[in-house]
Every structure is written in C-alpha cells, then in structure tokens.
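K.L.:
Its first residue numbered 8, the sequence shown is counted upward by one per residue in my numbering.
Hints are computed from structural coordinates only; laboratory data are not their basis. As the structure is a computational prediction, the values presented were derived from the model and not from experiment. Just so it is clear, CB atoms sit at the ideal spot from N, CA and C, and this is done for glycine as well. Careful, some of the hints might be misleading.
Here are the simulated DSBU-like cross-link-like pairs (lysine-lysine), alpha carbons at most 30 Å apart as the crow flies [unchecked claim]:
| hint | residue 1 | residue 2 |
| --- | --- | --- |
| 1 | Lys192 | Lys76 |
| 2 | Lys70 | Lys192 |
| 3 | Lys192 | Lys75 |
Pairwise CB distance ranges (calculated) [said to hold, decoys possible]:
| hint | residue 1 | residue 2 | range |
| --- | --- | --- | --- |
| 4 | Ala60 | Arg214 | 44 to 52 Å |
| 5 | Val184 | Ala60 | 33 to 41 Å |
| 6 | Asp99 | Leu127 | 25 to 33 Å |
| 7 | Asn105 | Val140 | 22 to 30 Å |
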Amino acid sequence: MTAARASRRRAPVDAQGGFDFSRPDEIVCGVDEAGRGPLAGPVVAAAVILDPARPIEGLDDSKALSAKKRDALYALIVERAHAYCIASASVDEIDTLNILHATMLAMKRAVEGLVVVPTLAQIDGNRCPTLSVRSEAIIGGDALVPGISAASILAKVTRDRMLVELHAQFPVYGFNVHSGYGTAKHLAALREHGPCEHHRRSFAPVRAALELANSSR
8 MTAARASRRR
18 APVDAQGGFD
28 FSRPDEIVCG
38 VDEAGRGPLA
48 GPVVAAAVIL
58 DPARPIEGLD
68 DSKALSAKKR
78 DALYALIVER
88 AHAYCIASAS
98 VDEIDTLNIL
108 HATMLAMKRA
118 VEGLVVVPTL
128 AQIDGNRCPT
138 LSVRSEAIIG
148 GDALVPGISA
158 ASILAKVTRD
168 RMLVELHAQF
178 PVYGFNVHSG
188 YGTAKHLAAL
198 REHGPCEHHR
208 RSFAPVRAAL
218 ELANSSR
C-alpha cells in the first residue's frame, strides 16, 4: 500500500482510467465511502472501474454536488461503468469493530465484490484496507481522481437512500433530512426519544442519550 497526495488538477474526462486499453495488464478501481461521521445507519463503500470508452462528464466529490446532480451521475455511473460494487458495514459491526475498521471492512467488501478483478485499487484518504490487489491511498482523491469520485457518488447516494427508508420507520429523528449526522434537530430528538436500533451506541452522543433514557426510567 502506498499513500500519495494527488495533484490539485483533475484528470481530463478522456483519461478517466479504469480499463486502460493501452495497458491491458492494469485495471484500476476507485474506492470511497460514505457515512463515517453520522450517529446512525451503516457505513457504505463503493468500488468502481470506469470504462474510458464511455466517459462521464461532471464527476466530482459527492459532497461538492447537489442531490439532483448526484442522482443523475449515479444513474450514468451504473449505466456506463465497466464494473461497480456497493457494500456496507452494519451498525453492529461499527459498534463492535469501531468506525475505522468497519469502514475498511466495507471497502474490502466493495473491492472483492467486483465482477472484474482490478490490479490496482485507488482509495480515497490516507490508508487502505487489506486487499488481495495492490492499493494506493490518495488524499483528496474523491475530488481529483474520476474513479474515486464515481465511487464517492455511488456510496453517498446509496446511503442517503437507506436513511430515507429508515426515516419511514423512525420519523421522529429526521433521518431523511440529515442522513444520521449529529445536527441540532437530531440531537434534540435523541434526548427526547432515546436512540433506536439503528443508532451507533459506540458514538458518544448516542451513548449519552442512552444513559439519559435509562436514568429516567
């Protein structure tokens, strides 16, 4: 595993990587996650092998895009990518392993779930999961490397949709608005109602809300 700080210049759309037909021995997947910071819900990871013959305009860090733009790009990535896989680690796994190790697990599942085996995995951030293929950590990669940008979009859209579904079951928390992050509204709901089964009990605000709920019984 290597770590690198990428140049602040984005790759042109015709150099999106993935299958490099001039180098048939090298197949590159981009990997990113969504949901390390929220107080509820799983952490989701995606791995994407882009097809340079079917470029996608507008790829960027998912956090820099509007929800409408992310949804549109999600559909294009699913349609045009040579291969992709979306995986997750559950709330129970987060609480058992800790969020860092659960994130690495979700990334590992995403890479290993690809129907095309990559020869190199480019990971957003400063560390890589343990993989059977070569890996490279790229700081800021979600805004700089198209394959990682694509993975960022798939992971975030998937997770946001999961939290909308959770909102239907537990509307008091407002998961559809904040996706599980610790907003003022979410923290107030935690204090009033206590945590639900999808809250991460290893996270301090949830633990505090659980202790408050238990003490008031």
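K.L.:
Does the structure break any of the earlier hints, and which numbers would those be?
P.N.:
none
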